[in-house]
Every structure is written in structure tokens, then in C-alpha cells.
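Given chain A, work out where chain B with the ligand should sit, using these hints.
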Amino acid sequence: MSRFTFPDSIASRPVYGTLEPKQGKAHLMIADAEGAEALLDLGMHNPDIFKNSHVIFIPKDTGQTYIGSLADLDPEQFYVGPSYDASVPRIRRVLSGAHMGLQVYLAGTEGLIGQAQNEAMQAGIPHTAIQSEHRGSVARRMQCVHCKGITEDVTTDPFVCSHCGLNLFVRDHYSRRLAAFQGVRVDAEDPGNIPVPVELYS
Amino acid sequence: MTIQFNKESFRGDYTFHNSDWAIQRFPFPFHEDSYMYSVNMEQHRGGPEGSVYEKRFDVDEHYVSEMHDRALVLAEDPLRCQSLPHMTLAGWDLLELIMVAKSEDYPELFELHRNGDTWRWVNKPMEIDDTFTFLDETTLPYGPMEYITRQAQGDWCVLDQRDDMLWMDAGMVTTQADWSLDFDIGMNFFEWHAPVPLAHEMGIFKRALKFLLNIQQGAPARRLNWTMTVNPLLDTSPENYHKWGVQKTTLTPKNIGAKQHLRVELQTFFRLPRSNALVFPIRCYLIAFQDLVTIPKWGRRLHRVIRDLPDELATYKGFIANRPMMLDYLSRYDDGLATSPGVWPDLEIEPELQK
Ligand code: HEM
Chain A
12 MSRFTFPDSI ASRPVYGTLE PKQGKAHLMI ADAEGAEALL DLGMHNPDIF KNSHVIFIPK
72 DTGQTYIGSL ADLDPEQFYV GPSYDASVPR IRRVLSGAHM GLQVYLAGTE GLIGQAQNEA
132 MQAGIPHTAI QSEHRGSVAR RMQCVHCKGI TEDVTTDPFV CSHCGLNLFV RDHYSRRLAA
192 FQGVRVDAED PGNIPVPVEL YS
Chain B
2 MTIQFNKESF RGDYTFHNSD WAIQRFPFPF HEDSYMYSVN MEQHRGGPEG SVYEKRFDVD
62 EHYVSEMHDR ALVLAEDPLR CQSLPHMTLA GWDLLELIMV AKSEDYPELF ELHRNGDTWR
122 WVNKPMEIDD TFTFLDETTL PYGPMEYITR QAQGDWCVLD QRDDMLWMDA GMVTTQADWS
182 LDFDIGMNFF EWHAPVPLAH EMGIFKRALK FLLNIQQGAP ARRLNWTMTV NPLLDTSPEN
242 YHKWGVQKTT LTPKNIGAKQ HLRVELQTFF RLPRSNALVF PIRCYLIAFQ DLVTIPKWGR
302 RLHRVIRDLP DELATYKGFI ANRPMMLDYL SRYDDGLATS PGVWPDLEIE PELQK
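From first to last, the protein sequence lines stand for chains A and B. In terms of the working numbering, the first sequence opens at residue 12 and continues consecutively. In terms of the working numbering, the second sequence opens at residue 2 and continues consecutively.
Rather than coming from a laboratory, the hints here were simulated on the basis of the structure. Computed from a predicted model, the values in this text were never measured in an experiment. Hints may contain errors.
[Claimed, not checked] Straight line, CA to CA, 27 Å or less: simulated DSSO-like cross-link-like pairs of lysine-lysine:
no. : chain 1 : residue 1 : chain 2 : residue 2
1   : B       : Lys8      : B       : Lys244
2   : A       : Lys36     : A       : Lys62
3   : B       : Lys356    : A       : Lys159
4   : A       : Lys159    : B       : Lys244
5   : B       : Lys255    : B       : Lys244
6   : B       : Lys255    : A       : Lys159
[Stated by the list, open to error] Rough simulated footprint, nothing fancy, chain B against chain A, three-plus residues with beta-carbon under 8 Å:
no. : region
7   : 22 to 35
8   : 148 to 160
9   : 196 to 203
The C-beta atom is built at its ideal place from N, Cα and C for all residues, glycine as well.
This is chain A alone, in the form it adopts within the complex (with noise of 0.2 Å):
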């Protein structure tokens, strides 16, 4: 099952949904991994709109698993991308061309839902328009807050810094314009002293 409940938390923590089909001369769908079974499963019950959409697909680990089923979509364009940062230039031409009214669906890991949610943003669609599904891994995206270097799938806490090196405890605070929550020295006031890192929602 590739669906996860997050647990109430703070009023900065992003909460998800379930995709669901609107109105609109054009759809945006930008998943990665098993993001798939939720473009899939808006396919089952509307295959309608996949004629007008340009589908943007990040396997990461989940390799070939769903590029055939997603293809059976039969969407107006269908790209499938090395890794999301390699996808970010069509992603930013793709909005730039957009005309009012684009749908905009993302689907899959923290990381890929925020990053592009802020790519959106930055092309003046308002977060609230965007439609977002988690599905798949609980990693997150971390800023270091004392380097500010961007830590990607952070499945632990505490986790160390791939930029400083410091080791850092998971925060919940969350910044919808660096797309990531925020990471802190866990050993700041006890140096040295390192927790056995747990895996997140563990």
C-alpha cells in the first residue's frame, strides 16, 4: 500500500489529499515513484482528461514498475525523467507557456510535491489551486539551518548534514518557499552526544 496517514502535527506541516479531476483546458501531472498510483488511480475513473495533459514521471527506485500503465493513460505528453532536478527546465517551460485555467496535479514524495508546488507558485498559481497527493516514502527534504544546504530523502532522525556534516534532528516546521523542513544540531547543547537514529513515523 502506497498510501501513508500522517499524524496531526503544527500549523506550518503540509497536509495532502486525493487527486481529483477539475475543469480545465489543460492538466499539469508531475509524480514521482509511487505518485504513479495516484495519477493511475484518477486514470481508472476519469481517462478523459489524460487527452489534455502532459504527464511528467520521476521513477526513482520504482524503475519500470509503472512507465507502461501510466503510457496506457495515453496522455498528450508523456515524459519520463532521470531525476527531478533533471525535469525542473521542462517543468518551468511547461508553466510558463500555461494558460489560466492549467490544472495542476502532483503526486508522490514530500520532496517532489513541494519543489514542484513552489514551481507552480512561482508561475503565479496560487498553492491552494494545486492539488497534491502523497503517496509512497515518508523522506523528506531537509534544510540545514546553520550551512542552509539541502539534505534530499532524509528517511531518519537524527540524520547528518550532506553538506556540513552536523548532525541534525527532523523538525516539522516546514517552508512552503525552500520546499523543505527544517533540520537543527540534535547534540548543540551536549556535544557528541549523537541519538541512535530512528526511522521517521517508526
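Chain B with the ligand in isolation, oriented as in the chain A frame:
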């Protein structure tokens, strides 16, 4: 009175100190012997002569050294001052508000000469004498918000108001109680307050926001907030927490009176005329425990407040580990006598410590 500006530091050798004048006018935040979050807001229409509430933007003996500390923080980390592109007009509004208020409230320290759009600003304590064109950014060495808040004590958040919401879209934040402007910029009122415990559930932020949205130009409001800081460190930022956090462990029963500081924020709220933005100055006052307890009423009361404070608040404010040591110290200044209502020192009516 003329202010003698201290030459002092808020880092390293920590030579910060309060004169007797500064101690007596300290904005003690507890009006009774216990504390809990509340919508503690009132009009900001002056206050008793000499008090920190008297002027729109209080200037005190720490002014020059605080501005020097701010310059050091910004040199190290320019992200402490940011303004989203749509906030430039609000920056000019803020520059005007501060220049007008300072020159009217402290004419011996600041002068503003306006001739059409050509403005001359004189800041005597900081030895600044600049002439610029109002609303023309190219005539100032920094953006308008940065220019003026490098010359004004306290942090400054500039909030855009849209969709019945406040958005933290600009700020100068170098004396903060452990929150990051760089992280919070662009957030709305509920989002940037997200980490605060209990207050959301108590409905405090909903009511506070409603109040703030309705603040009118010329009718500013104010409130106090407080926390605890070991050493008179102004820059208790999350950015530098990996460096200063360990200072909390240097408290001992011997040094606590000098090292432990009550940190009080005088927060005010002003509507800006052209942009309709709200500006939120957060002015930080520090006082060492050993100075605070020279006011008998405050010594008695602080002990009771800290003793009875809910754990959630002591944890959020970051002093739960040091609370027992604080209480050992403060209990020496609590003889159990009743305290007078209100925040003022009441030196004439409060008895000396009976211990
Ligand atoms: C619009 C102006 C305001 C701004 C920019 C602002 C900003 C902040 C920030 C950044 C924090 C720190 C949150 C964190 O832990 O990351 C905070 C804490 C807090 N704020 Fe505000 N605030 C504003 C107005 C208010 C008002 C009107 C109230 C009224 C009740 C309020 C009540 C609080 C409380 C209770 C805390 C927790 C403080 C503590 O326990 O030390 N704030 N605020």
C-alpha cells in the same frame, strides 16, 4: 535626559551591562505572580515618562553598541535581512515612519529635513548625515528597510496584508529568540507561529490575527513577550544555535546571577500608509538575574512565575534543563510576601526582602 551610550559587546567578552536607569525602566513582563499565554495586546499610546513605552521607538543606552552588533551579524550572514520583491514600498513606508518618529521623539539625537522628495537624515549617535531622494532606491546605500533598520534597535518584521491574512514578506532579524527569518519568510501568521505550544489550541492566534488585521494607521498597538538567555547574547538565532546552544551548559550556582538573563521583547504593531503593510518591531531588552532581583517585587515574582510555569512553555523557551538551578537562585529572593499588582517596580510600597 541625555543618554550616555554604553560601549559594550553582546558576544565574546560580553561587556553588556545595564545602568541603574536601565534596570529601573526595564520592561518587566509579569503583572501577576503567574504566567500563561494570552491575547495580551493594548494600544501603544505612550506611557509613563522615562519608561520604555513612552516613545514610539525607544532609544536607550545600548543603541550604538546594538547597531554595531547588528552590522557584525549581517556581515557574517546577509540572509538575516530579506525583502520579497513586492515589499519595497513598505520599506519606504517604514523608513519614513522611523525617521519621523525618531526625529520628533529625540530631536537632540536625530534630524529629518524634508524638501519635497529630497530628504536629509542626520543620526548623531551613529555619525550619519545622508541626503537622498525619497522613493528612489538608487540614492541609498541599501534598500530602504535595510538602511533604516541598521539604525533602529530591535528586529523588524514587515507583514503584507492580503486575503485577510498577514504574510511575513520582509524583515531585519538579528536579535531573535531562536527563529529564522530566512526559513519563515513568505509564511502566513499561523504558519510562522506553528512551533508555539498550546497557544493555537487556546484560540490565541485566531483572536490575535483578527486584532492585527484591524489595526489602523496612527493607532499602533503593543504587547510583551519573554524568554531566557544565558549570557547577554542578542543573536540567539537558529542559524548559530550550533555555536551558542552549548553556552546554556555553562551556568553554575556561582555564576547564574551574572550569566542568566531575562529576555523581554517589547513588540509593537504599526499600520503603514502607502503599502497597507503592518510593521512589527520586536525590541529586545536583557537583564541579568542579579540586577533584576535588586527590585524586591520583581525578585519575588520572577521566582513564582518560573516555578509555576507549565513544562511545555519552559521547554519551548529552552530553559527546562536549567530551571532547577534558576529556582535555587531565585528562591533566595522570595520571602513569600504578597506582591503589588502590575508590572512597575513599586519601590516605595514594596518592602525590602525579609530574609
Ligand atoms: C504580526 C506580528 C507577529 C509576528 C511577526 C510574530 C512572530 C513570531 C515568531 C517568529 C515567533 C517564534 C515562533 C517559533 O518558535 O519559530 C513567535 C512566537 C510567539 N508569538 Fe508571535 N508574532 C506576531 C504577533 C503575535 C501576536 C499578536 C501574539 C499575541 C498573542 C503572538 C504570540 C506569540 C507567542 C505566545 C509566541 C511564543 C513565544 C514564547 O513563548 O516565547 N504573536 N511570534
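Hint by hint, here is what the structure shows:
no., hint, verdict
1, B/Lys8 - B/Lys244, "holds (24 Å)"
2, A/Lys36 - A/Lys62, "holds (10 Å)"
3, B/Lys356 - A/Lys159, "violated (52 Å)"
4, A/Lys159 - B/Lys244, "holds (15 Å)"
5, B/Lys255 - B/Lys244, "holds (23 Å)"
6, B/Lys255 - A/Lys159, "violated (38 Å)"
7, 22 to 35, "holds (count 3)"
8, 148 to 160, "holds (count 4)"
9, 196 to 203, "holds (count 5)"
Checked against the numbered hints listed earlier, the structure breaks hints 3, 6; every other hint is satisfied.
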